[in-house]
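> In case you want the letters, here they are:
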Amino acid sequence: MSERGPVDVPAPEPERAELATLRARFEGGFARCARSVRRRLAGRLALGGAALGALVAAGASGLAWWTRHGGLRLACVGLPWLGALAALVVARRRRWSDEDVALYLDRALGSHEAVVTALEVRASDGRATPSILRVAVAALGRELPDAARPRWLRAWHAVGLVGLSVAAWFTGLALPPAPAAAAPPPGLETVALEDLEGLEEAKALAKLEARDAAQRARLDALADRARKLDLALEQGLPRREAQAEVSKLREDVAAERRRVGTGEQRRGLEAALGKLAKNQDMERARRALGERDFPQLDEEMDRLANRLEEDARRRARESLAEAAEAARREGAEDVARALEEQQERLGRQGAGADALRELAEALEGSLSEAGKDALRELKESGSAEGRDALSRELAKVLETLDEDDRKRLAEKLAKQAEALRQGGMSPMSADALEELRRQLETPEGRARLGERVREFARQPPASGEAQREGALDGTEQRLGEGETQLQPPMPLPFASRPDAGGFASERATRVGRDGASAKGNTPGSGSGDGRGKPSRGGGPGEHGGTTAKVDGDGVRARAAAKLNPGHAMPDVGTGRTAGRAGETARTGGTGRLGAVGPGEISDVRRGDIPEEYREQVGRYFPAR
Amino acid sequence: MTVGLDATLEKAQETTTRLREAIGAVIVGQGEVVEQTLWALLAGGHVLLEGAPGLGKTLLVKTVARCLDLGFSRIQFTPDLMPSDVTGTNVLVTDEHGQRSFALHKGPVFAQLVLADEINRATPKTQSSLLEAMQEAACTIAGTRHELPQPFFVLATENPIEMEGTYPLPEAQLDRFLLKVVVPSPSEDELTQILARTTGHEGRGPERVLTREDVLALRALCRDVAIAEPVMRYAARLVGGSDPTTAGAPEIVKRALRFGAGVRGAQSLVLASKAAAVLGGRANVAFADIARVAKPVLRHRLLRSFEGEADGVTTDRVVEALLEHVPQRPPAVERTAS
Chain C
1 MSERGPVDVP
11 APEPERAELA
21 TLRARFEGGF
31 ARCARSVRRR
41 LAGRLALGGA
51 ALGALVAAGA
61 SGLAWWTRHG
71 GLRLACVGLP
81 WLGALAALVV
91 ARRRRWSDED
101 VALYLDRALG
111 SHEAVVTALE
121 VRASDGRATP
131 SILRVAVAAL
141 GRELPDAARP
151 RWLRAWHAVG
161 LVGLSVAAWF
171 TGLALPPAPA
181 AAAPPPGLET
191 VALEDLEGLE
201 EAKALAKLEA
211 RDAAQRARLD
221 ALADRARKLD
231 LALEQGLPRR
241 EAQAEVSKLR
251 EDVAAERRRV
261 GTGEQRRGLE
271 AALGKLAKNQ
281 DMERARRALG
291 ERDFPQLDEE
301 MDRLANRLEE
311 DARRRARESL
321 AEAAEAARRE
331 GAEDVARALE
341 EQQERLGRQG
351 AGADALRELA
361 EALEGSLSEA
371 GKDALRELKE
381 SGSAEGRDAL
391 SRELAKVLET
401 LDEDDRKRLA
411 EKLAKQAEAL
421 RQGGMSPMSA
431 DALEELRRQL
441 ETPEGRARLG
451 ERVREFARQP
461 PASGEAQREG
471 ALDGTEQRLG
481 EGETQLQPPM
491 PLPFASRPDA
501 GGFASERATR
511 VGRDGASAKG
521 NTPGSGSGDG
531 RGKPSRGGGP
541 GEHGGTTAKV
551 DGDGVRARAA
561 AKLNPGHAMP
571 DVGTGRTAGR
581 AGETARTGGT
591 GRLGAVGPGE
601 ISDVRRGDIP
611 EEYREQVGRY
621 FPAR
Chain E
625 MTVGLDATLE
635 KAQETTTRLR
645 EAIGAVIVGQ
655 GEVVEQTLWA
665 LLAGGHVLLE
675 GAPGLGKTLL
685 VKTVARCLDL
695 GFSRIQFTPD
705 LMPSDVTGTN
715 VLVTDEHGQR
725 SFALHKGPVF
735 AQLVLADEIN
745 RATPKTQSSL
755 LEAMQEAACT
765 IAGTRHELPQ
775 PFFVLATENP
785 IEMEGTYPLP
795 EAQLDRFLLK
805 VVVPSPSEDE
815 LTQILARTTG
825 HEGRGPERVL
835 TREDVLALRA
845 LCRDVAIAEP
855 VMRYAARLVG
865 GSDPTTAGAP
875 EIVKRALRFG
885 AGVRGAQSLV
895 LASKAAAVLG
905 GRANVAFADI
915 ARVAKPVLRH
925 RLLRSFEGEA
935 DGVTTDRVVE
945 ALLEHVPQRP
955 PAVERTAS
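For the protein sequence lines, the chains are C and E, in the order given. Mapping to the working numbering: the first sequence position 213 is 213, numbers consecutive. When you read off a place in the second sequence, starting at 1, and then add 624, the result is the number in the working numbering.
If you're looking for bench data, these hints aren't it; they were derived computationally from the structure. Don't take every hint at face value.
So these bits of chain C aren't anywhere near chain E, every CB distance computed over 10 Å [what the hints assert, rightly or not]: (1) Leu175; (2) Ala210; (3) Asp230; (4) Leu231; (5) Arg317; (6) Gly331; (7) Arg614.
Not the full set, but computed from the structure, chain C residues with beta-carbon under 10 Å of chain E [unchecked claim]: (8) Leu41; (9) Arg94; (10) Ala108; (11) Leu119; (12) Val121; (13) Ser124; (14) Ala128; (15) Pro130; (16) Ser131; (17) Ala136; (18) Trp169; (19) Phe170.
Heads up, incomplete: computed chain E residues facing chain C, CB under 8 Å, no partners named [to be verified]: (20) Pro794; (21) Glu795; (22) Val849; (23) Pro854; (24) Arg906.
From the three backbone atoms N, C-alpha and C, an ideal C-beta is built for every residue, glycine too.
Bound conformation, chain C alone (with noise of 0.2 Å):
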């Protein structure tokens, strides 16, 4: 042993009474602590999930006064209180161990470990377990200093509080205003008309003198669904639809007016063609068959009649009689119907021309220049022209008609009234002209005769199958017009004027330019010239007017578009099919993009076929 004074070990052994003081005061105190230690983690937990809640529910309220949503926005208030109980949720899972909290203790009461070594070693009896018990209870301490605390609130948890209020404040303001409706889909709307343009002629297709009875059956169902048309479309009627009805009503009555010479009837026609093709006189002709164009068939015929002398009459009245036989044999009675109906009227015509000229040439002498260039351009051409203005000179010159001349010209009427009866023919009977003859005596009777030979030059009436395509013809260019009538206004990029016409003129312009009437109950004043076949349209549309002048100084032309030149290849399509809602491009009819023939269905145009070909063919695989 030192005589300094050796370290004294005591003995191991404590005193029990002490050491129970010493770990119940240190259990105490520990109990205590953690849980003010727990309390303040669990509060600083929920009022973390309580911000974080916050601010979702300004992010939700947010987005549910963006959509409009403003009763979400009261139950986005109970966002932060749903944080806050997650958070203790997660804070109750998330619990410390009591190893933990020592050791926190330790850290914030910076007491070197001593309550961590005494939560371990506070049950057993070593030497150092009272020291360190000791050691831990003091810094413990009666009461858990506030700074050894978990701090209740961090600084992120202002957050909350702006959330809070942002979530407030969507709360409190007014919606935005609803978005405007979507607008429908086009053609969805309802149309009303009373007069649609077309339907009236389509409904009066009904008292049309049809081909047969089975042409009168498909007369009437068209008539009768132009009358149901335009009863609904006075009720109203989706325009999509209706476009469609009309649409579909004009191709069916286009189809009708192509159904001579098609489909079954299109070898009879050939073969009637093949005939026909025999006689050089016929060409013209032939070739208005062979397109089926009837009131082309007609003037062909007149003139035909108006040039040719008897023997080449007869010729062609026996080529179209052979050319009715061919297909009536081929089963194209239609066509041999309208053959003979030509032929018939072709025999009539040409009597009545013969006489008009043998009239004219006794009156020769008497004749201004005029009625000699009439007579002239008759014989050479045969001129509906020609015969009109030779009949007015002979008109004249009937009524300053002397003796010499008045005698001629009877002995002129007997000799045709002498050949009426033998059988020829003239517009006029035997008797008729027997008794003209005597009415020369008189200057009553010569001005009847110059009645008479106006009579003579009088267009006759047109044939059956002429009028009933003019008809039908007609009605498809008024429906056309009404499937225009029904197209939706383009927006113009300026305002239109009353006395320009906008939108209105622009159509009349159009329809204008095709041929069409401008008829309907859109009174534009387009500047369209009205020129095109006669047959075609004829309204009485007004086609007058001017189109106001546009302002271009203020248009800008933004495109620099460069168009490659050339033309489009041959025999393919333009894109000239008509593109109508709900229907199908592939039919042929009229449409607003222009005139679409058989031959250009399916998008492929028919060329002519040179004639040559045509004789080829027919030689090689002559028609039955």
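Start from chain C and add chain E according to the hints.
Just chain E now, kept in the frame of chain C:
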């Protein structure tokens, strides 16, 4: 009546304070070196003192030896030193009757406080003769095991500058040292004080402060100090983190180390920290104790890689990185407390 270690701790503090003062009467400055030497004394470990010549390493050991009432011996390690010069050997002796027999001639290791001066100048064979003595406090001579007197305390010194003709201590030998204490150069004031003390008449030597029994009692007290599991885990994490093959090791460990500290390093860490706690007057180990003793305990147990040596990364720097990288408490606790 006070139970527990409080009184013992108070006395231990008083005694060690007197010991510090006694050493301080001879050694100027070097307070941390003295402190670390006391850790090893209390923990029952050995100390490797490293420092440039003339910093008072040998004087420190001699002073400690004089302050402790312990048997002291000094071995000056030289290249021609033999193991038997350290441990001793059997010599043939003739008794008064003329009988000849072998008698054990104990070497300098048979002392309680051994100064192994300039230990790296002896060959590894001679160095290894200390292995058994340092680890087991026993010595085997000619097949006979001889217990060494307790307490057995080795204080070795080495010079890091003169490397020519030296034999670096093998890892096994280094591992036997509880601490590797780096002796720093004195400051200007300390140097002035040294000059004042050493250039005049020699004063009285240090007085004895502790007896053998006192040392043994302090060592027993050191073993009584408690350490909580989280603190022990921290020590384990520190040692584990020094292994470069560990996934969670710091980048500098992976880059600069070839081998980390082993089990003996962890044991040394805890023992040294207990000694530090005793010197701090506490009956339990704190995280701060572990962190405080980490450098002297671990610095000689970390084997640098070629890259680490090339980059000049010291093991002290690695230990600092470990202390920064390894958390003392669970992250949630640390966050809340901070």
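> For every hint, state whether the structure bears it out.
Results of checking the hints against the structure:
no., hint, result
1, Leu175, "holds (43 Å)"
2, Ala210, "holds (101 Å)"
3, Asp230, "holds (86 Å)"
4, Leu231, "holds (84 Å)"
5, Arg317, "holds (115 Å)"
6, Gly331, "holds (98 Å)"
7, Arg614, "holds (96 Å)"
8, Leu41, "holds (7 Å)"
9, Arg94, "holds (8 Å)"
10, Ala108, "holds (6 Å)"
11, Leu119, "holds (7 Å)"
12, Val121, "holds (5 Å)"
13, Ser124, "holds (8 Å)"
14, Ala128, "holds (4 Å)"
15, Pro130, "holds (3 Å)"
16, Ser131, "holds (4 Å)"
17, Ala136, "holds (9 Å)"
18, Trp169, "violated (33 Å)"
19, Phe170, "violated (34 Å)"
20, Pro794, "violated (36 Å)"
21, Glu795, "violated (32 Å)"
22, Val849, "holds (6 Å)"
23, Pro854, "holds (6 Å)"
24, Arg906, "holds (6 Å)"
Violated hints, in rising order: 18, 19, 20 and 21; the structure is consistent with all others.
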